[in-house]
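Participant: Here's the letter readout for the chains.
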Amino acid sequence: MKSINNWKSLVLALLSVMLLNGCGFKDIDKRFFVVSIGVDTAKNSSKKYLVSLKFAVPSSSKNNPTEFMIVSEKADTMSEAVRIIKTKVDKEIDFSHAKVIVFGDEVANQKGNSGINYWFIRRRDIQSIAWVAIGKPSALEVLKVQPKSEYIPSNALFLALGRDGSETPYTISEYLFDFKYRLSERGLDPLLPIIKAEKEIFEINTVGLYNKSQMKLVLNPEETKILNFLRNREEKSANRVTKGKTVIIIDTQKVKTKYKIYTPRGKAPYIKVLVSIEGILEESTRRVPNEKLSDYEKIAEKSINKEIEKLLVKIQKANLDPIGFGLRYRSRHFNNDDWEEWKRIYPTIKFKVKSKVQIEDTGLIE
Amino acid sequence: MPTNNVQSIKESLIHKLQQPEDLVFKENHTKEKYMEVLYIKSISDEDVLLENVLKPFFEITSSKEFLDFLQSHPKASEYECEQKTIDMVMRGVAILFYQDFVFLFDCKMDRNNAVMDTTVETTIQGPQAGFSESLPVNLGLIRQRYPNVSLKVESTTVGNLSKTKVMILHDTKFVDPDTLKRVKKFLDAIDIDMFQTGEQLFDIIKKSNRALFPLMLVTERPDRVAINLASGKVILLVHGSSYAVILPTVMKDLMSSMEDIYQTYWIAKFLQILRYTAFNISIILPGLYVAVSSYNPELFRVHLAMSIAGSRTGIPYPSFVEVLLMLFMMELLTEASIRLPKAIGPTATTVGGLILGQSAAEAGLVSNIMIVIVSFVAISNFVVPINAFSFTIRVLKYFILLLATIFGLVGVVIGFFMLLAYMVKLDSFGEPFLTIIQSKPSKE
Amino acid sequence: MNRYFLYLVLLNMLVNVIIFVPNILIQYRFEGAVMGVLIAIPIGVALNYLLSTTINKFPEQGMPEIIANSKHRWLKIIHFCGIQWIWFTAGLITLVGFIDILDRFINPEMPKMALLVIYLAAIFLIIQLPTDRVMYFLEIVLFLNTPLIAFIIFKAFTNDYLSWDSMLEVGTHIFERPSLKSIAAATYCFSGYTNLIIFNRLIKGRLKIWNFFAVFLLGIFNLFTTFFIPIGFHGSDGAQEFQYPWISTADSLRLAYSPIERVIFLFLMFYMSITLISISVHWHVSFELIKGTFKEKISKKKNLLILIFYAGCSVAGVIFLNTILLNKITVYWMIVRLGFEILLVVIFFIWTRRWTA
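Protein chains in written order, with UniProt numbering: chain A, 1 to 366; chain B, 1 to 444; chain C, 1 to 357.
Worth flagging that the hints you see were computed from the coordinates, not collected in a lab. Please note that the accuracy of each hint is not assured.
What the hints assert, rightly or not - Straight line, CA to CA, 25 Å or less: simulated DSS-like cross-link-like pairs of lysine-lysine: (1) K155/C to K30/A; (2) K350/A to K216/A; (3) K258/A to K112/C; (4) K254/A to K155/C; (5) K236/A to K155/C; (6) K256/A to K155/C; (7) K112/C to K26/A.
All of these numbers come straight from a predicted model, not from anything done at the bench.
The whole structure should be built from the sequences, with the hints applied where relevant.
Facilitator: Below you can see the structure in the form of structure tokens.
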């Protein structure tokens, strides 16, 4: 009767565990879900940060939407802030659904934030796939925004950053794990989207570029779009081309970017960037005959070349590398001091941009 | 074979039978002949006796001719020994004392020989008739579907008091001799007083007498029996039961319905996948609900977590009590609708299922999502085609629920695999109960 | 039954994520791990080939049955007592490591002992089964899990955030002098074959050559995935900062359309069963080897004693080993294991030569 003994001992073991058990079991309605976290600098205080947690308050009926509650606390570190906030709420704080982390503008601009950056990674219950962003004018303001269309707090942010809802080339979204990756990887610098809070809506169309410790450069929407092209992340956008008095808009369908770093001996090193764009003509101020399309393509190529080069030089001047040229250089060179080499090369490197625009279609009319 | 001591046999028999109320002992006379008949009238068919013995007795004048008649009658056999004769009388055989001969005349009353429609293992298509409660009729049904010389029929009796006749059927071409030996040994070793139907073997098969899984398949369908014969299984037919027992049985058999071969290939595959999914759902889901809502709410998407949290607000007790409460209610409903007469059954289900569930949620006793889960579990449970197995599943889910309450998500997963390991451990007459590829034991 | 051989090898390949193989490799990524991996592949396949073809000469026999008739009984006992430790500790490290992972990611508030109890209950149920049943169970577990794990790996490979440049950057350190530690860790992926010394009981007929070819291909793919995917997600400079690189990698994946959005939970749920069966297989081998040292059939009491010993060791392991210590010990254990493995294969090979000659 070996099997019976087994079962008996199993039951005994279970019972003994029952006795020593008692923690860990916490019902879902006894938990308070944090949906987004905001970190600002504390004003008029000796403490360093103002940490705000946005909680979702579930409603029991389907008809009224879920409400929210924001609790803020000043503290020098994240853990202290959370400990104090714990005493202010009646339920257990659960970070497992914190999907958006917003740093205030001032926090992003100051140095010495690695403590909080690593706190998010170190906590096991904060998702690595949470989105990180910069909030303007402050993180708290961003958390306070409540768009009419959302029925779960911060859902609008989830949709915008997660690209499940609107898809736009002006938004660059960034996951927590990728942020951490870029913070530590030599040759690739972090970038975070900037969320501007207006009364009832958000505006996410600019991006802030970091060096390894703080935000150094803010790109405008057009530059953000081009950066997105260069990262091969977004393909749908509208490009404006002007020729004389005619303005046409190209709706891009496919954007592919390739780049290669050349270090010819004795000559100045350069980066060759190839951009191929396929698109359809969406709007034009005057009639554009089909034969003339190739002229417009040429002009579009020229203007895109210029724009890209301008952006790349701007980033280079700030000594930032959000695209990862440095990493590319490291990965193609077998010597151990490739990173030191690259640091020497990068400030003087030239960009040679070559783009190819193809207008495939003119829509339903010619 | 004439005997001299007819008189002593007769007296001894009557003495041993203790003269019950329904014992008939009659003397018949014609001019030339004299015959005595002994039988129990409640289990013997008097019409058969009248038609086959008494009428000829009066029609055939010559005593020699009547003796020849009796000796050549297919239903009559000659006396062998006393004990056997008594056994036969108790089964409805009449004893004829004629001249120096003692004949056993088979006039058993065959009640319940009507072929019944299938009620438990119903299918949409395919044959609809099931077995009857009469052993010869059932054997006939099988032989009709399986007209092969290789079909071998042996018989034995089981039960110290009931002495129930059990037939062992198998196809000598396909059967695994080891399995057959094990089955026979098993039948010989059964120590039970009353043996009425094949289902009783469920418990006896485990030596500990406490089985959770049915290790044999009990079926009411002759077509299932025929197809299993062809795949080398051993069939037991029990006297007085309209169910046949199929041995050995593995998980795959318990999850198959006869419909699988009456449908097109992909549909049958789809149905099978559906069944296995339902099996898993009905075992895991209650436990998973407790584990996820009380230990790891991060498993859900945020929207789902919010709506569960919302629907649970105001429920005064922890999730496992909620689940237990609802499951208990569902078990009561299921039990009640089996016991109730057919006319009231559906009403009870409606009252219980719809009204109770709805108002329980409205009264704040359980959450809305809980009701969805419990009905899901109940429905999944009924998808499993073999009834005995679906009862097993009803019990299994509490095991997972218990582990989930104590250990959370780990409990659910490990509990599920413990069940699998237990099923792998089981075997049915030498054949492993659960494997992915059911390989036949090699016949070298 | 050639497929059983592949199952055993595949199981070790899957479970290496738990037993710190990625950690060790990533730790030495700039100091010779790449070369170590490349060297480990031929070593692993060669050992696979040697032991399997040797033991193939004894169809349907495990090591205890093969040596049962040996005259040197004491030698046999010493041999079995010695080598069973390798399997036992392999299981133990996996168990302690995974309990730590569960405690960290799934049930942070539950005492580790509780998790250990349920694991031990399940393991003890499995290791006492006959060898063929353990194999059937392994087959079921793999059948349920491998497609989904393959799906997760597919998702990882096609992820936008997987940086091939970072992986290549590590690849450029190929010419570093390989470290013994990384070779030892990388060969672990191949060492599933050692379970054959018990599971050979189920293997009928000769192992065909395509088995070893499959082992070779699977091994390359597995090592590449184990080693490089975390680097692709967390960077050539950042990956070593993670305690459990693969679990953090799983957390970096998002299934936008699945009801469970976070892959980490799917991943951990699959690994709960993979780990369970891996520990069970190792301990089953160890258990059978101990049984093999006794001449007569093992009594219930002895059986219980062995199980209590196992339970005691794991309780002690969970209490005294924290993650960092366990990680350190595992590094050295890997080296010892590799040595023992080579020793076992070579001795067995020579012994068979003599025996058959």
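Participant: Next step is simple, just say for each hint if it's right about the structure.
Facilitator: Quick rundown of the hints versus the structure:
For the suggested pair K155/C and K30/A, the alpha carbons sit about 35 Å apart, so the restraint of at most 25 Å is broken. Taking the CA atoms of K350/A and K216/A, the gap is about 22 Å. The hint holds against a cut of 25 Å. A distance of roughly 51 Å separates the Cα atoms of K258/A and K112/C; the hinted pair therefore is violated under the 25 Å criterion. The hinted pair formed by K254/A and K155/C meets the criterion: a straight-line CA distance of about 23 Å does not exceed 25 Å.
Between the alpha carbons of K236/A and K155/C the distance comes to roughly 24 Å, so the proposed pair stays at or under 25 Å and holds. For the hint pairing K256/A with K155/C, the CA-to-CA distance comes to about 22 Å; that is within 25 Å, so the pair holds. Our distance criterion of 25 Å between C-alpha atoms is met by K112/C and K26/A, whose separation comes to about 18 Å.
In this structure, the hints that do not hold are numbers 1 and 3, in rising order.
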